[in-house]
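The working numbering puts the first residue of the sequence shown at 1, with every later residue one more than the last.
Bear in mind the hints are in silico, worked out from the structure with no lab data behind them. All figures in this text were calculated on a predicted structure; none of them were measured in a lab.
Derived CB-CB ranges, DEER-like:
| id | residue 1 | residue 2 | range |
| --- | --- | --- | --- |
| 1 | Q130 | S106 | 27 to 35 angstroms |
| 2 | L128 | A66 | 41 to 49 angstroms |
| 3 | A109 | D70 | 19 to 27 angstroms |
| 4 | L127 | Y67 | 38 to 46 angstroms |
| 5 | Q130 | H65 | 34 to 42 angstroms |
Glycine included, C-beta positions come from ideal geometry on N, C-alpha and C.
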Amino acid sequence: MSLILDCSEIREAIELASDLTAPLPEINLFSAPTPTTPAATSPSSPIPAAQKRQEPLEQVDPSQHAYRGDQLEQVIVNMCQRSSFSGAVITDMTGLPFAVVNAPVSMEAITAFATVLGAALERAGSLLGQHGADFLTMDINYEEKVVLYRFEVGATPYLLLSICPQDVDERSEIEISIEQIVSILSDNS
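Make the full structure from the sequences, and use the hints.
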């Protein structure tokens, strides 16, 4: 156990995760803007998690977009809408972002966080003798968690990192979205 805790990737992931826990203004790409009142934006009046979730809007077919990046972004927008995820990112193991939706920090920071967690997932899997480990879940706070899913297209590993509520079972939603992502990445490789 001490080998995993001493892992530099885990320590770096913890440092990057601290950036995710900083309070940020609520940004919702999935609903029309509504007028705000001073009480609604006041930091002393937090919005309960049940009120944050919006009814899903109509899903858009990713194939309507001409470019691979737009298609991938549409897949994760649809995923976030269906399952009340706060945001998501698709990146490769080098940190190259393919699509980012509702990142709570800069694109560079969230992709760096994903790659550090990806390296930690690989290292933890090898230390524990579980070389096929694909999922990593980490609590951000009492309401949200970060979920990392590692998948391959051909021999190239990719990462899907999503931020979602603690009470959501993310696995089935991620599996549905991964099928679409793999299809887009393999068609346009």
